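Based on the sequences and whatever the hints tell you, model everything.
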Amino acid sequence: MSVTADNTSAAPGGTHSAPADAAGTGEPLRPHAEDAFADELTALAAHDDRPRPPRWKLSPWAVATYLLGGTLPDGTVITPKYVGPRRIVEVAVTTLATDRALLLLGVPGTAKTWVSEHLAAAVSGDSTLLVQGTAGTPEEAIRYGWNYAQLLANGPSRTALVPSPVMRAMAEGMTARVEELTRIPADVQDTLITILSEKTLPIPELGQEVQAVRGFNLIATANDRDRGVNELSSALRRRFNTVVLPLPASVEAEVDIVARRVDQIGRSLDLPAAPDGIDEIRRVVTVFRELRDGITADGRTKVKSPSGTLSTAEAISVVTGGLALAAHFGDGVLRPGDVAAGILGAVVRDPAADRVVWQEYLEAVVREREGWTDFYRACRDVSG
Amino acid sequence: MRAALEAARPRVVLIEGPPEADALVPLAADEGMRPPVALLAHAVDEPGRSAFWPLAEFSPEWAAIHWALDHGVPARFIDLPAAHTLAWEKEKEETSGDSDDTGDSDDTGGSDGTGEGDAEGDQDGGAPHAGVRIDPLRALAGAAGYDDPERWWEDVVEHRGVGDGDPFAPFAALEEAMGALRETYGDGGHERDAVREAYMRLQVRAAGREVGDDGVAVVCGAWHVPALRRRASVAADRALLKGLPKVKADLTWVPWTHRRLARASGYGAGIDSPGWYAHLFGAPDRPVERWMTKVAGLLREEDRLVSSAHVIEAVRLAEALAVLRGRPLPGLGETTDAVRAVMCDGSDVPLALVRDRLVVGDVLGEVPASAPAVPLQRDLDRQQRRLRFKPEAREREVELDLRKETDAERSRLLHRLGLLGVAWGERTVSRGSTGTFRETWRLRWEPELSVRVAEAGVWGTTVLAAATARAEADALAAPDLAEVTGLAERCLLAGLSDALPAVMRVLADRAALDTDVGHLAQALPALVRSLRYGDVRGTDTAALAEVAAGLAERVFVGLPPACAGLDADAAEEMRRHVDAVHGAVGLLDDSPAPHPTDLRGRWRGVLRVLSGRDSVPGGIRGRAVRLLLDGGDVDAGEAARLMGLALSVGTPPADAAAWIEGFVGGGAGGGMLLVHDERLLALVDGWLTGVPVEAFTDVLPLLRRTFSAYEPGVRRTLGELVRRGPGERAGVTGTGAGIAGFAAEPDTARAAAVLPVVRLLLGTDPEGKEAERQRDGLAGVGR
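Chains A and B, in that order, are what the protein sequence lines are. Sequential numbering from 160 applies to the first sequence in my numbering. Sequential numbering from 71 applies to the second sequence in my numbering.
It is worth saying that the hints were derived from the structure and are not from the lab. Because the structure is a prediction, the values reported are computed rather than measured. Hints may contain errors.
The calculated EDC-like cross-link candidates involving lysine to aspartate or glutamate, where the alpha carbons are at most 20 Å apart (straight line), are [said to hold, decoys possible]:
no.: 1; chain 1: A; residue 1: LYS358; chain 2: A; residue 2: ASP346
no.: 2; chain 1: A; residue 1: LYS461; chain 2: B; residue 2: GLU479
no.: 3; chain 1: A; residue 1: LYS461; chain 2: A; residue 2: ASP383
no.: 4; chain 1: A; residue 1: LYS461; chain 2: B; residue 2: ASP550
no.: 5; chain 1: A; residue 1: LYS463; chain 2: B; residue 2: ASP586
no.: 6; chain 1: A; residue 1: LYS463; chain 2: B; residue 2: ASP579
no.: 7; chain 1: A; residue 1: LYS358; chain 2: A; residue 2: GLU199
Below, the structure written as structure tokens:
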């Protein structure tokens, strides 16, 4: 508790209370899932005649449909929120219906947070019971804090207690969310063990406890290929069912995602549109995928994988950087030289091991590939 | 299946399968017979032509055979005789060259039956052949909204058979479905089925005449049911069967494995998850709970933390998933998803293990010793007769001259048998000759070798096919790179050009993933050796050359970083690797590579990097400079500069001594270099006198090791040179006059006199260039 005592003084209780209601002050920049898709949720609930677990707004089947999309008997179209294997969504929804918590794993850019928000919105109708995990997340964020003015004036009591989102979810039988679980220090993570196994949160100061109401569950997200994270203890890991969100399944899907995102970012940065950029994007995505998967696209040659994640998100930033380079210093056309340096930076994270990986890849794969001569030269130039 | 037979109590059971195997049916009851096994049919004079009818414990055919044997009811196979199916294969190969399809072994996953009056039937239309034909189950499952035919099968048949009052219900439902399908699709591309069904109809009719129409049970693929029900005239059926090609066929039981039942192994007749079905068949109750316990047990054996709580949660998740997906019971898909989420932390890696060990399974069948001989033995006999190469129990030695056709074939046979673990011959050192065209073998046929041959029958029906399959499997299982290279060499020796691509692929993969440059450097020389040896034998080695070039590239890239920060022992080992790679690259560049690349040039670049990098141990740097100097890529002046650099005051003495060892060590030539290049000697001399007293004892062993390897003559000359002292070195003005035993100028006339002999020794073109260089070298020595 000594650790958290310092933290509390810096971050008084109340910080973690319910987010301020944006209504009345104008259009929110990004509405919550349950508000943005309220129509769909209502339509689904109206047609949903399957059994619902206690306090669920929809049946598991309807939740899966909400995420994966579909058409209801009355013609209401449910837009797909998640494009990916159906199996994954089904396992995730089913897990929430059992008494195990759900852990969504994946590299950056695989829509972990997005899926967790929509799951909470569909299951409990509220996606705001959220704990954002950081290296400085204190125990109070997961258990409860105190309103110190009250505490000093009236002594410990339930009125002086500031509940965390998790505590509120337990009391009301809702779905709580923990973002970036592995960034939370290990000792704070372990606070969750009692909550998840005993389904109770003791308040020793008052000699009371909060027992979870049926319907309570927890969705955590975590990054599985990130450096400097706090590994989950095996005790905590045992309380979670793990679902790994995969990267885009095909080159085409990934090229599509990258191109679309690059276009959006480019417009917001006022970059001139690159007319023939798609070939270069395809090339970047191919390189990333091949290094990530450890095998070339034709499936004939294996390559080593570097230590970096090489996620779709990184591919997007490489292409955006290349576009900026081409727009400001080049002729406005995305060329191999513009992306080469970015790729090098993304691939070579560890100067010794990754450099070997990258050079092997260049010599063994890129050099002999048809139409990639320019790219090979550009990479050789920046590799030095 | 058994339930249906119990209910019907037929007087004869007809099973879809080759009728030649009727005699083999009683063997199924043998103590030593354990499924999975397969009926193997092969053409007598051509063991390579064969077809399989695999049977697992849970196959309806197997159940039917056993029921029949237990109840003393005759069981007969009624499919078209293997003699015809094998002949068909032959025709097809001859016409289209397509030899892939292993016969009509398609309808094995289940069976189905129909009698004329009181009928029962069950089952499963065959799995598709190679995708050309339509897969009836897939079509049905698609119509029912399932994406996976096996899942549909599981839901419709397996999950509902148990406990239902009427054992015929699932069969009847299937028959109806299949009938509808056949109306839609006609024969669905199974053009031979009409003939097979005609034959089956005739057999059914014959059996019906024998025991009465109500006493016949037919077990066959559901696909055939509607056709068997159809009334066709005997004459029409006979007409279809007329003029079928025929070969002499022989049948036997062979052990089979679950892995080969799995469709992934390439047999069209397979199912995806034999282990799962065997479990369903074998588990008395609560199949999901038992399955999860099995999975947990497996994961625990592999040191994964799996508690009973995990098992409980996994079962609950699987059941909840089944409800969500609207299925009566959790199937393989649900249990797999549950295992992944609960026990494997969402990772597919441990899941792959579960799939490999449990879902597919490692079960190996057994057949009793009384089963007829496997075709592999026949093939071996045939080859031994042809090559006049009799197996004898007495030990004898034979010398094979590989330039002779027969001997070369004998050698290949021995090598192939060696790969199969049939150690008939042992390779011994050839007497007198070291030529690669001569091999000496010590032969001895031990009785247990026949058992080995029988065991090797799993791999194939001919020695060639079996050795190829075995080599491929060995390559996949080999633990390290060097073993795969060795295997590649053996494949070349055994003339297994079909196995080579697979082995090469494994080799390339291993090389790509191996991070230890030492392993790569070790593998390269063997590979290059086999490349050259392959040339001698006339094997196609283009693939090999490509892999070797790729391997060399990887070594080039990885070598400089790998040389940094090594201790003395590791540096010594790495120096040997550098030598080995140098030799290999020299050989490799001569051979024709598909992508002409300047390997030697790139290797020189690597050596240059090595020689100039401070973090590289002295021994390796010295060796790199020496190799460059020998190759003429660095002139003597540059070498002297590098040496001076390495021996300058700032360098720790031990490191400098190692440099000297690397540069002039290694026996031949090193000493001569010092004798003839005074600058180098003077550098060494100067450095040695400058070594501080306390460091001198450290460097002494190294230097001693270096110099003691020289020939006595070289050592003496060096000693004399050193004794004369550095004063003599002043002769820079002249041309090296003053060295004892040498004239002031080289006597070119006398030197030229030996040239014809030297040319003769070295051969003329294309080595003429080499001779030229040699001569230059000699002339240089005289300077």
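Practice task
Run the structure past the numbered hints and jot down the numbers of the failing ones, going up.
Solution key: Structure breaks hints 2, 3, 7.
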